[in-house]
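So the protein sequences, as listed, match chains A and B. For the first sequence, counting from 1, position 27 maps to 27 in the numbering used here; every step adds exactly one. For any residue, its number in the numbering used here is found by taking its place in the second sequence, counting from 1, and adding 265.
Any given hint could turn out to be false.
[What the hints assert, rightly or not] Label pairs and their computed distance ranges (CB to CB):
hint : chain 1 : residue 1 : chain 2 : residue 2 : range
1    : B       : Arg296    : A       : Leu138    : 31 to 37 Å
2    : B       : Leu281    : A       : Leu234    : 33 to 39 Å
3    : B       : Met266    : A       : Gly26     : 17 to 23 Å
4    : A       : Asp243    : B       : Ala274    : 52 to 58 Å
[Said to hold, decoys possible] Computed footprint of chain B on chain A, listed as stretches where at least three residues anywhere in the stretch have a Cβ under 8 Å from a Cβ of chain B:
hint : segment
5    : 22-33
6    : 51-61
7    : 82-91
8    : 109-117
9    : 125-139
10   : 149-159
[Said to hold, decoys possible] Short, incomplete list of chain A residues facing chain B, as computed with Cβ under 10 Å:
hint : residue
11   : Gly18
12   : Val97
13   : Val104
Please keep in mind that the hints were generated in silico from the structure rather than gathered at the bench. Yeah, the Cβ is synthetic: ideal placement off N, Cα and C, and Gly gets one too.
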Amino acid sequence: MSAPTVRPSRPRWLDVVGILGVVALGFTVWLGLWITPPDVVQGNLARLLYIHPPLATVALYWVGAVAVGGSLLYLWPRTRSLFWDRLAASAVEVGAVFSALTLVTGSLWGRPAWGTWWTWDARLTSTALLLLLEVGYLALRRVPADPAVRARRCAVAALLIAVDIPLVHFSVDWWNTLHQGGTFIDPGFKIHASTSMSWTFLLGFVAFSLVFVWLLGVRYQVEVLQDAVGDQELEVSLAERWDEDTEHIGGDLVGQAPAPGRGAP
Amino acid sequence: MSYVDAGYAVTLVTLLVYAVGLVLRRRRWERALRMVEAPATESDGAPVLGERS
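The task is simple: from the sequences and hints, build the whole structure.
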């Protein structure tokens, strides 16, 4: 009989979130590209704003909350659990994808709007730093180590990401930047856009958030499976080593026993 | 292709490729887990998972 299988659960709600995310993303693309009117100032270029700010929101706030929150909960002795470490690691990997997409879509908007693909603006630079920190975190995670040591190292690395998040958020206020501040929503939460544009914009946030939750869930399952395989392999190699050692000891004992007709008087 | 089309295409294709990659990785690790659990069965001479007896 084989040992009972340890597998991560595949919750039904995650499939529902995935389907809802795909549907919402489909509607965002349809509304963003074909239904909403061109902007009076930017024309069709404003259509990129239905995907760029939602991508940036996920990359910065959702990923930041899960990665930094998970790492802090791991570092805190009372809540220390590999669950938080795995969740944080999963968020950072998904976050790296969203950060890269934020930079690419921003660059595609900046070329016609600003006349340049890239500028060392505080918002852009701090976002690029966020991507670098996420890649660094993932590289650190691949360094072979005991799971607890790896988790502690990565949790500390995530604190660097925590430092960068307010830098990205407040960069447009703290420095004189080419990147504009909030344009859709003013401090009084009044939206300055037509109804269809506002709804498409909000739907974009919902769609990318749902996609993020689904990707995070699946990535977490991969993390659990990797650890389960590592544990099983360790158990198998320990069992093999135990068998070898037992055979050696057995063989040595047999070797020490006097051979018939030789040692006997 | 306009900048807008390129932005949507890059975003959707990247997310699709990453999502498919994740699902394939999950499947591969599930298979790997079954494989490392199999030796107990294998050493008894019973058929290994996925092998015809």
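Exercise. Okay, which hints does this one fail, numbers in order?
Worked result: As far as the earlier hints go, 1, 7, 9 and 10 are violated by this structure, in ascending order.
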